[in-house]
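Novice: These are the residues of each chain, in order.
Protein chains: 4
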Amino acid sequence: MSFNTFGKIFRFTTWGESHGPAIGCVVDGCPPDIKITEKDIQIELNKRKPGQSKFTTQRKEDDKVNVLSGVFEGKTTGAPISMIIYNKDMRSRDYETIKNKFRPGHADYTYFKKYGIRDYRGGGRQSARETASRVAAGAIAKKVLENKLGKKYKAIGAVTQLGILGCDTKNWNDNLINKNPFFCPDKSILKLWEKYLLGIRKSGSSCGATIEIRVRGVPVGLGAPIYSKLDMDLASAMMSINAVKGVNIGSGMNSAFLTGEENSDEIVQKGKHPIFKSNNAGGILGGISSGQEIIVSFAVKPTSSILISRKTIDKFGKNTSISVKGRHDPCVGIRAVPIGEAMAHCVILDHYLMNKAQCGK
Amino acid sequence: MSFNTFGKIFRFTTWGESHGPAIGCVVDGCPPDIKITEKDIQIELNKRKPGQSKFTTQRKEDDKVNVLSGVFEGKTTGAPISMIIYNKDMRSRDYETIKNKFRPGHADYTYFKKYGIRDYRGGGRQSARETASRVAAGAIAKKVLENKLGKKYKAIGAVTQLGILGCDTKNWNDNLINKNPFFCPDKSILKLWEKYLLGIRKSGSSCGATIEIRVRGVPVGLGAPIYSKLDMDLASAMMSINAVKGVNIGSGMNSAFLTGEENSDEIVQKGKHPIFKSNNAGGILGGISSGQEIIVSFAVKPTSSILISRKTIDKFGKNTSISVKGRHDPCVGIRAVPIGEAMAHCVILDHYLMNKAQCGK
Amino acid sequence: MSFNTFGKIFRFTTWGESHGPAIGCVVDGCPPDIKITEKDIQIELNKRKPGQSKFTTQRKEDDKVNVLSGVFEGKTTGAPISMIIYNKDMRSRDYETIKNKFRPGHADYTYFKKYGIRDYRGGGRQSARETASRVAAGAIAKKVLENKLGKKYKAIGAVTQLGILGCDTKNWNDNLINKNPFFCPDKSILKLWEKYLLGIRKSGSSCGATIEIRVRGVPVGLGAPIYSKLDMDLASAMMSINAVKGVNIGSGMNSAFLTGEENSDEIVQKGKHPIFKSNNAGGILGGISSGQEIIVSFAVKPTSSILISRKTIDKFGKNTSISVKGRHDPCVGIRAVPIGEAMAHCVILDHYLMNKAQCGK
Amino acid sequence: MSFNTFGKIFRFTTWGESHGPAIGCVVDGCPPDIKITEKDIQIELNKRKPGQSKFTTQRKEDDKVNVLSGVFEGKTTGAPISMIIYNKDMRSRDYETIKNKFRPGHADYTYFKKYGIRDYRGGGRQSARETASRVAAGAIAKKVLENKLGKKYKAIGAVTQLGILGCDTKNWNDNLINKNPFFCPDKSILKLWEKYLLGIRKSGSSCGATIEIRVRGVPVGLGAPIYSKLDMDLASAMMSINAVKGVNIGSGMNSAFLTGEENSDEIVQKGKHPIFKSNNAGGILGGISSGQEIIVSFAVKPTSSILISRKTIDKFGKNTSISVKGRHDPCVGIRAVPIGEAMAHCVILDHYLMNKAQCGK
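Chains as they are written, first to last, in the numbering used here: chain A, 1 to 361; chain B, 1 to 361; chain C, 1 to 361; chain D, 1 to 361.
Chain A extracted, bound-state conformation (with noise of 0.2 Å):
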């Protein structure tokens, strides 16, 4: 049972509310004498930070982490490390006047219906405020693996698809990634995406996105058959995130319009070393890391607070409508980039842990 915990032998457990005093997370099973600072895990958390482009929510938070526990004289000792980022810029008074409204797209209605009880305060446990913890994390995950796997290790993520317009995946640049403030690999698309987005904005209306992460340096042999399969992990971890609905790996979805010649990856002995031909898997056979790359993309719901008014009912069942006026995201996919590396380290090395627990030698 994991209702709030995610993993299996490298484990976190994240916990607060959007409007509460603070969030955080606990990192278990983290492997010992490895160097970590407030700085490591800071940097991670400042590429999800809201407010930081007129493209994503104005709520302003510092998301400061302070580590509390399983740190010792800068380096883990194997002791559960506890992390907590305090809320600032929290305006309660934004949701008095939606209160006993459900907003359509969100899980109002759900939990509220679930629990008896709801924290209609920015949504609650529901907002995508949690996944700050995740981006914490997975910094330690990082800092892990590149320690165990050495800088080969590298997990990159980037938007491929905004609304209805994709980029050219062929153009994919990482070192323009982290220069825009859409995450895109593709200088070819930057121009129309910003114009695309400004429109959406002004509207007051909102767009879905396509966020795909490449991992590489992940050796060979990690997942394990046939109820912790690599890819299945994977797509577990990408559809935790708030309003993502498909997950693919490799050629997904798209792999049911192939044949048999077209998808299977040849492979051709090059000195030491296979290599594959093609990577229609995604890095992943029968659930185990082949040592390609390893290629996930999962599928982000518009933002469904918008301007633009929809019908909806109330907690007493009388029908109303509602049009959100808060601070949100024109694309949440946008932000949705860092979260997607960080889930990518956690299931990384998760494996890793538990490769080296029933194979390691």
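Read the hints as simulated data drawn from the structure, not as lab findings.
Among the hints, a few may not be true.
As the list claims (entries may be wrong) - Calculated lysine to aspartate or glutamate pairs in the DMTMM-like style (CA-CA distance at most 25 Å, straight line):
{"#": "1", "chain 1": "D", "residue 1": "K318", "chain 2": "C", "residue 2": "E261"}
{"#": "2", "chain 1": "A", "residue 1": "K54", "chain 2": "A", "residue 2": "E194"}
{"#": "3", "chain 1": "D", "residue 1": "K191", "chain 2": "D", "residue 2": "D168"}
{"#": "4", "chain 1": "D", "residue 1": "K54", "chain 2": "C", "residue 2": "E262"}
{"#": "5", "chain 1": "D", "residue 1": "K277", "chain 2": "C", "residue 2": "D314"}
{"#": "6", "chain 1": "C", "residue 1": "K99", "chain 2": "C", "residue 2": "E61"}
{"#": "7", "chain 1": "B", "residue 1": "K202", "chain 2": "A", "residue 2": "E266"}
{"#": "8", "chain 1": "D", "residue 1": "K148", "chain 2": "D", "residue 2": "D174"}
{"#": "9", "chain 1": "C", "residue 1": "K152", "chain 2": "C", "residue 2": "E293"}
{"#": "10", "chain 1": "D", "residue 1": "K361", "chain 2": "A", "residue 2": "E266"}
{"#": "11", "chain 1": "B", "residue 1": "K315", "chain 2": "D", "residue 2": "D33"}
To be verified - The following label-pair restraints were derived from C-beta to C-beta distances:
{"#": "12", "chain 1": "D", "residue 1": "P219", "chain 2": "C", "residue 2": "K64", "range": "40 to 48 Å"}
{"#": "13", "chain 1": "C", "residue 1": "K64", "chain 2": "B", "residue 2": "E73", "range": "56 to 64 Å"}
{"#": "14", "chain 1": "B", "residue 1": "E293", "chain 2": "D", "residue 2": "K361", "range": "50 to 58 Å"}
{"#": "15", "chain 1": "D", "residue 1": "G317", "chain 2": "C", "residue 2": "N66", "range": "49 to 57 Å"}
{"#": "16", "chain 1": "D", "residue 1": "K361", "chain 2": "A", "residue 2": "K151", "range": "18 to 26 Å"}
{"#": "17", "chain 1": "D", "residue 1": "K361", "chain 2": "B", "residue 2": "K99", "range": "32 to 40 Å"}
{"#": "18", "chain 1": "C", "residue 1": "K60", "chain 2": "D", "residue 2": "K315", "range": "56 to 64 Å"}
Ideal placement from N, C-alpha and C gives every residue a C-beta, glycine not left out.
Use these hints to put chains B, C and D onto chain A, whose structure you have.
Specialist: For chains B, C and D alone, coordinates are given in the frame of chain A:
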């Protein structure tokens, strides 16, 4: 940790290899006092059974299930239910010639690298033969859910895309699905699919498919934040099925293309009940069922074992080629329909029990 | 895997070191809509708090708990409950002199060997300070159980053996227990214990203790075969407390000496209810509660930190000796009483929820 | 959740009833490439087998194990190992007369109340017949540990108390243990035990026993704080065995009587290795193995099924009496020796793998 176990409260553990003496599973956490017979399980197994039409592998397996424990005088006792299916039509000799070769698109290479040992007979543990065990577990979950939720509960799957040919889901007809060899829900495409798949088979190739599972009669409130979301567990369940490369909930990957007003499902009160005006959410909001039909779809890649010759290497690192002459499905996706249904039953029951634990009266 | 997490459905994860900035825990799986205040938790913490009499360590800690999440408008929401207790009276300098020495009877040596790194300040993570977090979690479990089972539910613990001096459990008096510094249930031994423990303290030594926990108002049917037996989980819970070396259920280790007719508790029907004529079983049969009082007892070894000089080695493998001058309890067993109660609450609630899941109506 | 599953990484799931067609278990997480034969498992099962002397039940069971999966060409493959043992000598008719009565000291009453259904044939799932499955799992764990730790690894158990007669553990002789029907380690008490137990049997009574398990060759560093302590998991493992009511680690319950200087084991350096001058800790400090011999002991209550008439009730709430005439052990504790060894192997291996995962190089 759950290498070969699926679920949290309602859990099943599968075991067995494609060409070993038997396969089976142990179902744990099943509520007591539920009527169940071997026939109930056999009905579901028969849907998945190979050799039923020219469109599936010609391996002949009765797939006859024996229940060895956990049922007394026709009812579940709450003790673990052990089920066994003996393998009969094993032709391990078929695999002698490819004993040292890694079949492209299969897990031969990754299993060998991970475990340092490989059961080459039909893929051993990686074989999709394992999925018979899931179908058996799913049959039990189905009986429990029908007992707890009544006959309004139903999970029904169909093939909606066969290679390049998609059906029109507006024509979805439950009654058609089990009456054709493709689990096709749309009468208008049936003939075309038959021709197309015969062509694929004759050419020694194979094709992918998309399967859609619809679950009705699920009450509002199943699922749990944050890392036991219902959609997360469904994605995990479907991605664990052999050859699955993508999973969608509701509008899925397509939600990237939508705007907020197109995507979020408006709610209106009709008498005592809220009605959603659309179902892009696929029946799940914030990881919790909304009471709408749950819609999950997934893509199955084309069968990797094909007659067409493919480049590969052997376990000594030598370049070679392979063309697989064993008995295989031209489209493995077809037989994934009852497997997807089974996994849906298991996930829904697991969440039903979890919800009862935390939020039940 | 659950390095720092306890429980199956009602789960808590603890974190923090003896001399770090804070300790805390995250409680997950708590049913919603349960009234809970910080005061409810503080009452339990105060029972365990150090520095309350001359018979416990003179470290002064308020042990003031802050609830950071999971409670909204005075009620649990079903979301994780994060609690934090700041450390105040840390004198890490006390530990400078023994920084490189392994204290006999402590985990200094094993932690160092396992993790290759050691937080020497008060034992770091091995410190019994961690148990404050359990008491906080137990306070919540208690509130839930009182809500679900009514006021007839009660778990009460006492010290029944203090070093060589056992009390007479026939004199057990609930009302006495919280009114003396030993959690002694038997008035006739009180004076003797006081004298005895003063002697122990003055001599710079320490003594062990036995604690007995009695749980009333538990319905028949909690517990589960085979590897979630109620007694197994109680044993596990108690053995996880620092310095505990033995656990008994009912007649416990003593049952080895009995014959079948002495040991098995006869049953007679009294009106509508079965009555057991004795309680050697300690309220648990086949791992499942029988409706009788549940009795679990455990031994706490004497405090290992004593003034008397002991032989040991340092981390460079040199022979040396040690005599610990920090602030310590002459009998740590005393403060284990509220901890044992807390663990009992947590186990009972966990099994209450598990039973509801599998066998609930 | 783990109703019928034990372990974290090395996990086994047992199934089957006393009078069903078979019992069995599935071992998961076993490292690959370990030599194992059915004979290796059978040797351990034979130690537990009933009907081997006049001091155990006269039920005749071959307890012949079949390995159905997970082993290929004599070696483990990393896939789940399914083992089955068919029941042969079932005399369910023996149980017809007590079909509606609850046997005192057994789980008849609690199972019936919990599940609302009861397999009365020999106790169904509550029967100690389940323990054969554990012995099979333990045999595999033993092989893995011998492979990983070498032949210095050994777990050996013995009966140290038989009813009122304790042996002198100073006379412990490994070689004697498997050469007498009591698993007695002390030659000086053997004759007395024989006379005593014959008397017990003739009188239609039964007696309890204490079993001690000693594990040698365990490296320092196995175990994990806080809720995966090695002693906690050993306590849990032993308490899960039928009829066990108390568990001690090292000086166990006796540690309550000791002073700090009597109890804490001094350390001295001898050449390259630290030596502990005593072993009150039972080889475990802070939940982590110290490299000393691990000592765990547990009490098994006297067989509850006796010839002597006992008061009880039936399932209709009527007072009645019972005297059990089936085939039973005068002291079930004796056959608990190989079970305790098996559980020790499983716990040690599980922690060996866990340690490799988190702290391995």
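Novice: K60/C and K315/D, beta-carbon distance inside 56 to 64 Å?
Specialist: holds, 58 Å
Novice: Within a Cα-Cα threshold of 25 Å, do K202/B and E266/A meet the stated pairing?
Specialist: holds, 22 Å
Novice: Is the gap between the beta carbons of K64/C and E73/B within 56 to 64 Å?
Specialist: Holds, at about 58 Å.
Novice: Taken at face value, is the distance from the CA of E61/C to the CA of K99/C at most 25 Å?
Specialist: Distance of about 23 Å is within 25 Å: holds.
Novice: Given the proposed pairing of K54/A with E194/A, does the C-alpha separation stay at or below 25 Å?
Specialist: holds, 10 Å
Novice: Between K361/D and K99/B, does the C-beta distance stay in 32 to 40 Å?
Specialist: Between K361/D and K99/B, where Cβ atoms are some 34 Å apart, the hint holds.
Novice: Is it true that the CA of K54/D sits at most 25 Å from the CA of E262/C?
Specialist: Answer holds: K54/D to E262/C is near 23 Å, not above 25 Å.
Novice: Starting from K315/B, check that the Cα of D33/D is at most 25 Å away, please.
Specialist: Within the cut-off at roughly 17 Å; holds.
Novice: Does K148/D pair with D174/D here, judged by a C-alpha cut-off of 25 Å?
Specialist: holds, 23 Å
Novice: Verify the proposed pairing of K318/D with E261/C, using a straight-line Cα cut of 25 Å.
Specialist: holds, 21 Å
Novice: Mind checking the alpha carbons of K277/D and D314/C for me, to see if they're no more than 25 Å apart?
Specialist: Holds - the C-alpha atoms of D314/C and K277/D are around 16 Å apart, at most 25 Å.
Novice: Would you say the C-beta atoms of G317/D and N66/C sit inside 49 to 57 Å of each other?
Specialist: holds, 51 Å
Hint compliance for this structure: hint 10 is the single one not met.
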